[in-house]
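In the numbering used here, the protein residues as written are 724 to 854.
Worth flagging that the hints you see were computed from the coordinates, not collected in a lab. One or more hints might be untrue.
What the hints assert, rightly or not - Listed below are the simulated EDC-like cross-link pairs for lysine to aspartate or glutamate, each with C-alpha atoms no more than 16 Å apart in a straight line:
(1) LYS808 x GLU731
(2) LYS808 x ASP734
(3) LYS808 x ASP781
(4) LYS808 x GLU847
(5) LYS808 x GLU845
(6) LYS808 x ASP843
To be verified - Quick list of the computed label-pair ranges, beta carbon to beta carbon:
(7) GLY773 x LEU846: 32 to 40 Å
(8) ARG820 x ASP737: 19 to 27 Å
(9) PRO779 x GLU745: 16 to 24 Å
Even for Gly, the Cβ is constructed at its ideal location relative to N, Cα and C.
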Amino acid sequence: MVSIGRYERVDVSDAAAELLRELTAQHGPLMFHQSGGCCDGSSPMCYPIGMFITGPSDVRLGELDIAGLEPIEVFMSEAQFEYWKYTHLTIDVVPGRGAGFSVEGPTGMRFLIRSRMLNDAELEYFGLSPA
724 MVSIGRYERV
734 DVSDAAAELL
744 RELTAQHGPL
754 MFHQSGGCCD
764 GSSPMCYPIG
774 MFITGPSDVR
784 LGELDIAGLE
794 PIEVFMSEAQ
804 FEYWKYTHLT
814 IDVVPGRGAG
824 FSVEGPTGMR
834 FLIRSRMLND
844 AELEYFGLSP
854 A
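Please work from the sequences and hints to get the whole structure.
Here's what the structure looks like:
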C-alpha cells in the first residue's frame, strides 16, 4: 500500500486489525509467518513473539501498523517469496477454523492472504522492473 513516499508489500484489512487487537490483548505482541506449501503452510500463521523463530531463509515483508498496537512484523519463507514477490499482500480474516498453531485458532476465524499484482511504480520501487 502506498504511504507517503514509500511502498509497502503487506497490509491488513480492518477486520483482521480488529482481531489482532483482541489477540494482542490476550497473547501479547504478535508476528506473522507464511511458509508456503500445503495445509497449514498455505495460511499466514500468527504467533506470539518468541514462539516462532525466523531464520536466514525467511524474508521480512514489512510490518502491519495498527492503531494502538506495536508494529506486527510479517515474514515469508524465501522459497514462497519467489512465487509472491510480484504481489502486494493483504492479511484478512474470514470465518473458519484457524491453522494449527496460529493464535486465532480458537476464535472461529482464520487469517488468509489476499493478493494483487504490484503496479508499475511498485515494481520499480522494489527493483522488479523489466530491464
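Cross-check of the supplied hints:
Under the criterion of a C-alpha separation no larger than 16 Å, the hint pairing LYS808 with GLU731 is consistent with the structure, at around 12 Å. Taking the CA atoms of LYS808 and ASP734, the gap is near 15 Å; set against the 16 Å cutoff, the hint holds. Under the criterion of a C-alpha separation no larger than 16 Å, the hint pairing LYS808 with ASP781 is consistent with the structure, at around 13 Å. This hinted pair checks out: LYS808 and GLU847 have alpha carbons roughly 12 Å apart, not beyond 16 Å.
Proposed proximity of LYS808 and GLU845 is supported: the alpha carbons are some 11 Å apart, at most 16 Å. In summary, the hint linking LYS808 to ASP843 is supported, as the alpha carbons are separated by about 13 Å, within the 16 Å threshold. At roughly 35 Å, the beta carbons of GLY773 and LEU846 sit within the given window of 32 to 40 Å. The hint said 19 to 27 Å for the Cβ distance between ARG820 and ASP737, and at roughly 22 Å that hint holds.
The hinted range of 16 to 24 Å is not satisfied by PRO779 and GLU745, whose Cβ atoms lie roughly 33 Å apart.
Checked against the numbered hints given earlier, this structure breaks only hint 9.
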